[in-house]
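Based on these hints, arrange chains B and C on the given structure of chain A.
So the chains spell out like this:
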Amino acid sequence: MEQRAREEILGRLRGIPKRAVDHRPDMPPLRERSLDHEEMIATFIEELTLEEGVVYRVRDGREAVARLTEIAAEEGLQRVMISTDEIVASLDLPAWGREQGIAVLTPWDFGDRDSFRDAVFDEVEAGITGADYAVAESGTLVIAHDTNQPRLISLAPIMHIALVPATRMVPTYEQAVEEIYGDTKDIPSHVTFTTGPSMTADIKGKPFKGMHGPRRLMVILIG
Amino acid sequence: MEIRTTLFNEIAEKEIQNPYARAFLKVLPVAIAVRRKAVMDSFPDPNAAQACGQAIRAEVVARLPELLEEFEKNALARGAKVLWARDAGEANEMVLSIAKERNVTYVTKGKSMVTEEIGLNDALAESGIEPFETDLGEFIAQQLKRPPFHIVGPAINVPVEEVCDLFMEKAGMEKTTTDPVKLGYAARLFLRDKFHHVSLGVTGVNMAVAETGTIINLENEGNIRFNKSSPGTQVSIMSLEKVVPTMEDAMHLTRLLSRNCTGQKISAYVSMDSGPKKPGEIDGPEELFIIIVDNGRSEIYGDSVAREALRCIRCGGCLNICPVYAKIGGYPYGWAYSGPMGQVLTPLLLGLDRTQDLYRACTLCGACRDVCPAGVDHPLMFLYYRSKDVEEDRGLRGKKRPWKESRFFGLWSRAVTHSVLWNLGVRLVRPLVNRYSHNGVITTMGGFFKGWFRTRNLPPIANKTFHERWSGLRRKATGRQSGENR
Amino acid sequence: MKKASLFIPCIVDLFLPEIGEATVQVLRRLGVDPLYHKAQTCCGQPAMNAGYRDQAKKAAKHLIDVFGDDDVIVSPSGSCVYMVKHHYPQLLRDEPAWLWRAEELSERIYELSQYIVDILGIEEVGASFKGTVTYHESCHILRGLGVSDQPKRLIQKADGVKFLPLPLADMCCGFGGEFAEAYDYISEEMVKEKVGCYLESGADLLVLCEPGCLLNISGYLSRNHPEKKALHIANFLAGTGGGG
Numbered sequence: 066m067e068q069r070a071r072e073e074i075l076g077r078l079r080g081i082p083k084r085a086v087d088h089r090p091d092m093p094p095l096r097e098r099s100l101d102h103e104e105m106i107a108t109f110i111e112e113l114t115l116e117e118g119v120v121y122r123v124r125d126g127r128e129a130v131a132r133l134t135e136i137a138a139e140e141g142l143q144r145v146m147i148s149t150d151e152i153v154a155s156l157d158l159p160a161w162g163r164e165q166g167i168a169v170l171t172p173w174d175f176g177d178r179d180s181f182r183d184a185v186f187d188e189v190e191a192g193i194t195g196a197d198y199a200v201a202e203s204g205t206l207v208i209a210h211d212t213n214q215p216r217l218i219s220l221a222p223i224m225h226i227a228l229v230p231a232t233r234m235v236p237t238y239e240q241a242v243e244e245i246y247g248d249t250k251d252i253p254s255h256v257t258f259t260t261g262p263s264m265t266a267d268i269k270g271k272p273f274k275g276m277h278g279p280r281r282l283m284v285i286l287i288g
Numbered sequence: 007m008e009i010r011t012t013l014f015n016e017i018a019e020k021e022i023q024n025p026y027a028r029a030f031l032k033v034l035p036v037a038i039a040v041r042r043k044a045v046m047d048s049f050p051d052p053n054a055a056q057a058c059g060q061a062i063r064a065e066v067v068a069r070l071p072e073l074l075e076e077f078e079k080n081a082l083a084r085g086a087k088v089l090w091a092r093d094a095g096e097a098n099e100m101v102l103s104i105a106k107e108r109n110v111t112y113v114t115k116g117k118s119m120v121t122e123e124i125g126l127n128d129a130l131a132e133s134g135i136e137p138f139e140t141d142l143g144e145f146i147a148q149q150l151k152r153p154p155f156h157i158v159g160p161a162i163n164v165p166v167e168e169v170c171d172l173f174m175e176k177a178g179m180e181k182t183t184t185d186p187v188k189l190g191y192a193a194r195l196f197l198r199d200k201f202h203h204v205s206l207g208v209t210g211v212n213m214a215v216a217e218t219g220t221i222i223n224l225e226n227e228g229n230i231r232f233n234k235s236s237p238g239t240q241v242s243i244m245s246l247e248k249v250v251p252t253m254e255d256a257m258h259l260t261r262l263l264s265r266n267c268t269g270q271k272i273s274a275y276v277s278m279d280s281g282p283k284k285p286g287e288i289d290g291p292e293e294l295f296i297i298i299v300d301n302g303r304s305e306i307y308g309d310s311v312a313r314e315a316l317r318c319i320r321c322g323g324c325l326n327i328c329p330v331y332a333k334i335g336g337y338p339y340g341w342a343y344s345g346p347m348g349q350v351l352t353p354l355l356l357g358l359d360r361t362q363d364l365y366r367a368c369t370l371c372g373a374c375r376d377v378c379p380a381g382v383d384h385p386l387m388f389l390y391y392r393s394k395d396v397e398e399d400r401g402l403r404g405k406k407r408p409w410k411e412s413r414f415f416g417l418w419s420r421a422v423t424h425s426v427l428w429n430l431g432v433r434l435v436r437p438l439v440n441r442y443s444h445n446g447v448i449t450t451m452g453g454f455f456k457g458w459f460r461t462r463n464l465p466p467i468a469n470k471t472f473h474e475r476w477s478g479l480r481r482k483a484t485g486r487q488s489g490e491n492r
Numbered sequence: 058m059k060k061a062s063l064f065i066p067c068i069v070d071l072f073l074p075e076i077g078e079a080t081v082q083v084l085r086r087l088g089v090d091p092l093y094h095k096a097q098t099c100c101g102q103p104a105m106n107a108g109y110r111d112q113a114k115k116a117a118k119h120l121i122d123v124f125g126d127d128d129v130i131v132s133p134s135g136s137c138v139y140m141v142k143h144h145y146p147q148l149l150r151d152e153p154a155w156l157w158r159a160e161e162l163s164e165r166i167y168e169l170s171q172y173i174v175d176i177l178g179i180e181e182v183g184a185s186f187k188g189t190v191t192y193h194e195s196c197h198i199l200r201g202l203g204v205s206d207q208p209k210r211l212i213q214k215a216d217g218v219k220f221l222p223l224p225l226a227d228m229c230c231g232f233g234g235e236f237a238e239a240y241d242y243i244s245e246e247m248v249k250e251k252v253g254c255y256l257e258s259g260a261d262l263l264v265l266c267e268p269g270c271l272l273n274i275s276g277y278l279s280r281n282h283p284e285k286k287a288l289h290i291a292n293f294l295a296g297t298g299g300g301g
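Residue numbers (the numbering used here), protein chains in the order written: chain A, 66 to 288; chain B, 7 to 492; chain C, 58 to 301.
Bound conformation, chain A alone (with noise of 0.2 Å):
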């Protein structure tokens, strides 16, 4: 029955006789293409800011674990989800985590779906993961998802902490999309690109943090 269906649709389509294709118009070359490598983490943190984010800069990854003991004592987090990617497993959170009194939980410690969606869901107060590109045009980090990266992380908690070295900044959206999908073979399943935190304004027009997705946004640039 599918077939069915697909072949009369294709059918009807493929019926018609073919128009030649316009030529694709010239456009420059967006602008920040041009901008260097701190002009870029300017754009960045500027463009995110806009978008209520709040970008932290330190120089290395002991002083981005100083700047994550800060903001876990501001903000009394107790519990909090990390993922296992090579940003964040190089910082040895569960070390700190010890060190601070902080329960830090990873996708490893639970045997099945459920039992993790139960934590991310309820049983922490952040989300800390790493970033796979920071974009300087609109402030966005751009995350591929894998065993290493779960996609509730980022999204559940009511806080979403990301640690993104300085080195992953890119101009614009398609040098992060060229690395990620150009080799056709291997693609991530999921992919995301998070700018600010969730946002609605369709009560009233009254713009809302946190509607579904992380009401805070904080970002550790490193290097």
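Misleading hints may appear alongside valid ones.
[Said to hold, decoys possible] Computed, partial: chain A to chain B, Cβ under 7 Å:
1. R77
2. R84
3. R96
4. L100
5. P215
6. I223
7. Y246
8. S254
9. T257
10. T260
11. T265
12. K271
13. M276
Just so you know, the hints here were simulated from the structure itself, not pulled from any lab data. Glycine included, every Cβ here is placed at the ideal spot set by N, Cα and C.
Structure of chains B and C alone, referenced to chain A:
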């Protein structure tokens, strides 16, 4: 979804009196249109950026079948299941059968106009499966059983008191409040519980990338991401024109869609799925179903003018700039699609005969065409539909025009090609019109043109038309010329 | 001496012939000799907009015949010029000889302010008005013909004028031909808002280039704000009153 396109005037006359609707229409579309202009300037050449978007969508329409096949091939290679539905009934049957096989009792849904078009929520509810709209505005509109008021703010016109009552009754809210933020938080808690335990999530699709077999969604709230991350099964439904050739094209359209829709550079979240989750991943769907919906589009495709309606990317830019929409809001358009893009698409999908007002309630001002990032020429389409009524076109279900009107234009065309008849006609009509003139102005013509005369006057037909004055005007010049020795 | 053939649309011919007279006056002042072919009738817009393409085609062919030999055609109606330039080629697409003639004609037909500023290269036409003036951007002129600067420059160069911007200047006034009658309840709200913007601007006078808009806005002013006036640019430049 109930089709009320034949009630356009009735609903519009009511809405135009509605103070809440008018208050929002004065603010929201204008604010977005202003922001849109500012944010389009982030392109070094906004016109070129728009032209590029138009070219991408022109290519999609020109290459539709091959792009759909390419998309399907690549999506299947990633492990997605791709289903084709000829009409609303088939699409709904597919979703129902997927849900029933998995013993699903409720689904959570992201905002999707095509699911409103096919009436998915009703089909689910009738089968005992409860659908929860999770976009806040859609959630409110759904619970109040209202169509969407605006693409971006489906319930933005609803007074907060009504939202409060609704949430007390249906969303488990315990304390009354009219604070929009507190109301939003109450909705968050209620829907979060649904996300936590859901086993089947339904989404629409903003773009389906042929090159990689990837589906892309834009949102600000995060509800679509939950539908893609929490349940074990994801069903994403797309009308067949949503395909785009490449990832690069998708990025450009993402920029244009965000700027036109809400005046943002990009929505808070963009999510891209290439197949279901991979083995070892602890969240995400085990199964990803992509349903490609036709519902009349492949037939439209045969008409070389009508098919350009398929360029539309549902950005809502036209709604925000339309002076008619600004007075009547989304309800009068009577179906899933409102504003100028609804005026273009709905007649093609439902037939001209029951959507007459949609393409006639327009001054052809062209503001919509000028902002459209996809290159839809709305005024051209409306003139096309009007001509199809006159022709009684069977394919588009054109509706025969009133006899008096046909007769009038028959006579008119005789006169217009014979100036003697034309001017005779003017001389005959003049006394009939001018008998209503008092003190140099006409304030009523009895039963004629009552709409005009309700708030406007008309000058009488001149005692001497320009045509009749010309001889005198020409003589004046000749007299002067001979006096000046040129 | 330069010649320009006048294309006087039906609304002007019947209801606002003073616009035609003012057009003649202004052109003569600028050294242009206007001609007027009495055989002209209508550009066909009403039929086109109502979907009667065969009838609109007949009007198109008649107009092409009437104006066939003129070097330059000028009209105080932008929507009619737009009809000729934009719709005639579409209507006559399947008749190559007529299509050629339509395309050829569209190269030499102009809206009045466009003709004065772009073709004659003149901005000061000897107009004068002591007071503040604002301008409504008619849809077919602005978006159809891309004419916006020209009328504003002509207004600003008039002696004694202070130009004030009109809020939402490019928002449709709600005329739309048949629309004003068939969807009167919407049209009313649109013209009411347009007039509201005029009042808000504080200007002494509203000038515009499109007779249809003028009929609509003046019609509303006459009933509701009789002390405020709207004027066609031809009358404004000629320094003659009238216009509803």
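| Which hints from the list above does the structure break, by number from lowest to highest? | 4 and 6
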